[in-house]
Amino acid sequence: MSTLVVLPILFPLIGVVINAFLGKRLGEKVVGALATLMCSAAFVVALMLFSQVSVSKEHAIHAEFGTWIGVGKLNVPFGFLVDSLSSALMLIITGVGALIHLYSIGYIHGDPRANRYFVYLNLFVASMLVLVMGSNYLLMFVGWELVGLCSYLLIGFWFDKVKNAEAARKAFVVNRIGDVGFILGIMLIFVTFGTLNYHDIFAVVGDHKTAALALAGDPVAPAVLSAITLLLFIGAMGKSAQLPLFVWLPDAMAGPTPASALIHAATMVTAGIYMIVRSNALFHVAADTSNFVALIGALTAFIAGSIALRQFDIKKVLAYSTVSQLGFMIAAAGLGAYTASIFHLMTHAFFKALLFLAAGSVIHGMEHYSHAHHSAQHIDPQDMRNMGGLRGKMPVTFWAFIIGGLSLAGLPPFSGFWSKDEIIVAALHNPLVFALLACTAVFTAFYTGRQLVMVFFGSARSKDASHAEESGMAMKLPLIVLSVLALIGGGLNLPGSMWLEHWLEPVVGVHEGGFNLPIAALFSALALVALAAAWVMYRDGKRDTSLTPQLSSVSSFLNKAWQIDALYRAAIIMPFYALSSFLARVFDLGGIDGAVNGIGTLTKGIAAALRPLQSGFVRSYGLVMIVGVVALMAWLVINTR
Amino acid sequence: MQDLMLILPPLIVFLGATALLLVDLKIADDRKETVAWIAMFLLVGALIAAVMLLYFNRTGDVLYGFSNMILTDRYAALLDIVFALIGIGVFLLTLRYNRVHQIMRGEFFVLTLFSIGGMMLMAHAANLVTIFVALEMFSIPLYVLCGVARPRLDSEESSLKYFLLGAFASGFLVYGIALMYGATGTLDIATMLKQVERGQAPLLLVIGAGLMLVGLGFKVAAVPFHMWTPDVYDGAPTTVTAFMTTATKAAGFAALVRVFLLGPGAFVGSLVSAIAILAALTMIFGNLFALAQRSVKRMLAYSSIAHAGYLLAGIASVANIGQSANAVIFYLATYAATSLAAFGVLSEIGSMNRDEDHGLERYTGLAKRNPALAWVMALALFSLMGMPLTAGFTGKYLLFQSAVSSGLNWLALLGVITSVISAFYYLRVIVHMFMKEDATVAANNEQYYVSKPSLVMMTLASVAVVALGLLPTLLLNMFA
Amino acid sequence: MTSIEPVILLSAVLFTIGAVGVLTRRNALMIFMSVELMLNAANLAFVAFAQQWGNLDGQLFVFFVMAVAAAEVAVGLALIVAIFRTKHSTDVDELSQLRG
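Chains as they are written, first to last, in the working numbering: chain A, -8 to 632; chain B, 319 to 798; chain C, 2 to 101.
Since the hints were derived computationally from the structure, they do not count as laboratory data. There's no promise every hint is true.
Quick list of the computed label-pair ranges, beta carbon to beta carbon [unchecked claim]:
| hint | chain 1 | residue 1 | chain 2 | residue 2 | range |
| --- | --- | --- | --- | --- | --- |
| 1 | B | Val749 | A | Leu13 | 24 to 32 Å |
| 2 | A | Pro603 | C | Ala79 | 31 to 39 Å |
| 3 | B | Leu792 | A | His362 | 51 to 59 Å |
| 4 | A | Gly101 | B | Val749 | 24 to 32 Å |
| 5 | B | Val749 | A | Pro486 | 53 to 61 Å |
No residue lacks a Cβ here, since even glycine has one placed at the ideal position from N, Cα and C.
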């Protein structure tokens, strides 16, 4: 049984090794097929593990492969834990992952670096599985860092464009800020509990569930738990793109669209939610942090949702929508509705992956014309103002987008309706969070409607749009499968059966969730109204569709994403530059050559200041030693006894 | 007889080196590679002897011999293994480098062997006499080795600088031992430890130990006794530098572990705090100076100073002495593997260009010219930086953890911060290798091949770096 | 039994003179002789302490120091000769090519 556990990780890794070393020789077709096959194999094994978990008595499979690090008190096993939570996520990661691999074969076709792309994609799947399958925080951190690396590599995949390289760097730096929080949280956990294994930590917390916990006689102060959970949440803020660290995700759309679908919509960004749900025992006890988490989630949902109202890039809309939906999940986790959070994570994985892939198909179709005609005049194939009327030309994509969009908007019976509704019901006892989420739900329906109308209805607004063509089979098939999933995904936790709720019970415990008919009806009606409003406003193709729209101050503010990037620039980046250039000027007074830039300047400054100390004269070295000896002797004489 | 068995590894090296001195006379100048292979053969013998010491003493007892002058325990046997492996690694590099740089001489190998023997003896030291004799035994051959490339002036300069300052530092060491003897009436470390444990730590003993710290701090390049390091490492032939960064450091720390961590030093608060301060200074200045270097070789010299700082943090962590000693020895092994990999690349570059210029531009575009070298170098630099999944990370983690458990949170934090700073200068080399093109160098120049023995060494070192990063327990289990 | 304190004092003074000599002398040979003075100061201390404790450990150590010092002399003089051949000087301040 335990060998089975490593297989899901092993398969994609085999793909990585083969494709990395033989990729050039095998050719793009074989590489893509192999990568897809490996991911599908992982999916099959994940299914087998899932069924084993469901029949096993304790609803979990533990597999340990010896001690990974064992020094002094620290004993970290190389252990994996497949329980109801991780097995569900494994299905999403490998299943949606396999579909995206398949789609990528068509999408990346013809790119000279295609084999590298598939290597990254497989490596990502393996890393993500390490993240969710590890039985301790250290292994989770390893997976956490690895997916960060893959994300960096994929965002900057077309690194020859400066913009992409900058986006990759931005994602990397912002995520590092979160990682510092995470690693500090892990250290604090170790200091507090003396272990990093989920099982042992949660056993301690679960035993008492009161403010004063005890481990080996030391009471665990509530403040310590608050600090731990807060630090962990900072990690989640980075990875799951929450306020104030969400700025990297919209830029991350610079990567290939299927990678955006997999990493920046369906799986990696949900790592923060997984981490919080996994640590639910800790968050449950730390009420302050949980309230903070809920508030941050709701605020993020609201702000990102409002930004999405005024975006023109088809992927940017989806990106901000992703941030907004992640806010929903984080808010749910903060409210203690862990099942709802995971439920929304799963349905979101279906419909957002679908939307991204459909958007990729649209972009692909838009590029068709300029590729075929080598047209010199290059228009932006991602700008929705250049689209319109694609409904007839790309029927499969259109229907896929409709299903995904309505699911996102929260219309019954699509999957998004059920999961979002559960979160909103859970927020009923927290008026502020409820209000924010309610507004966001309306925003969501509106921007989805706007996007649908601008892309698919009306008449074509550019040559590229009028000559757009449907994508090939490799791209259509995943769209169809995901459409079905987005349609029926709500069945996972339908009121009445509440299957997911029972499934996750061993991990997150029981909580009163559920279905509230008046709320559901109200929000369905609101979504319908918002969709209708979008239809009315954008149907004629005039509003917002000329390339230089007169943006009012409000919509310009929204279009510029609440000016948050500008704020960071003014508050952090500019002062940093100012400081380094100031330092450069100070250090350069000694007549050193003019500095190059950034760190180079600083380096040269330090060089100028310090290097003369290393004069090359033996006797001055001796003098430094003597000074050291005298200081040391003085220290010893003064401090002994 | 049992006494001899206890120091079998250094014994094999010493006797073998003496015999090799005679054999060398009969070997023609153009066939000195034979001497190198014989020397490696001897080291394999010593390696086997050390493994046997480890195997037959599975309980990890401390066995004394030669009237308590020497001892054998796990640390001693493990360090013997480390020294033997370093020696073999360096000799594999010399096959090409020393030939190209015309220092393929028999005495090179004999002197290196004598030095290794002294280092092994240091690992077995149980008495301050042994410490002193072993220290000089490995140092004196090193003075000569630095100048082996004469009449090249920078080699001679590095040699004389090392010699004068080394002798100067020895003066402090000897005087320190004299004062410790004066305070306790014994030269035996265990007896001294017993006295200190009983609370007898007169100022004379503390001062003496402080002076010993100066002498040993010099050997391991601790700030402010480090000034010789960059000049000597820079001027010495690269193969000698490779030997010094790895082996001298390990030998110096072996002595520090015996006298300070496992010996009387750990029981004197003022000494421990002084070591912690030295560690902090060493981390800070090593990394800051490294930041300013344009030559990769000199940068690595400063980096080795910085690593001495991290190791000193382990010596200053006295709350759980066994754990700290494990961490220090583990770090020495990982640092040896990492540093050998890096210096393997440097020696190959030096052979390709037939000079000792290691400016950054020599590394520009290396990934295109010699992908294998570039990847080994990148791995080594990541490990020096302390990237997770490499040996360097595990080593640093263990050291900082023992520092934290000894209440030296500030020192561990400083270690983390300086490690982050170090990323700047390590990454600069990686950027030059991978992201810049060098138009001036023809890619198909026939000199740009990597010699087989060096490649074998670098591969093994890289495997060790990754293996110790992924599965540190492989080695750590041997301590338990 | 006479007090050893004056002897230790003398050895400390000799040690200091040696250390100062290393810092002030420019000739490599003179620096080296100053180092020897430091070693001999230590020897003196050893002998005195051995007298105080009434055991032979200190006396024994002196022999090791003398043997090591002899080896250092051999190596040191050889180095200085080698450098004199290249530079025609034993002034250590002229050896400052490696720096920074």
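Here is what the structure says about each hint:
| no. | hint | verdict |
| --- | --- | --- |
| 1 | B:Val749 / A:Leu13: 24 to 32 Å | holds (28 Å) |
| 2 | A:Pro603 / C:Ala79: 31 to 39 Å | holds (33 Å) |
| 3 | B:Leu792 / A:His362: 51 to 59 Å | holds (53 Å) |
| 4 | A:Gly101 / B:Val749: 24 to 32 Å | holds (30 Å) |
| 5 | B:Val749 / A:Pro486: 53 to 61 Å | holds (57 Å) |
Checked against the numbered hints listed earlier, the structure breaks none of them; every hint is satisfied.
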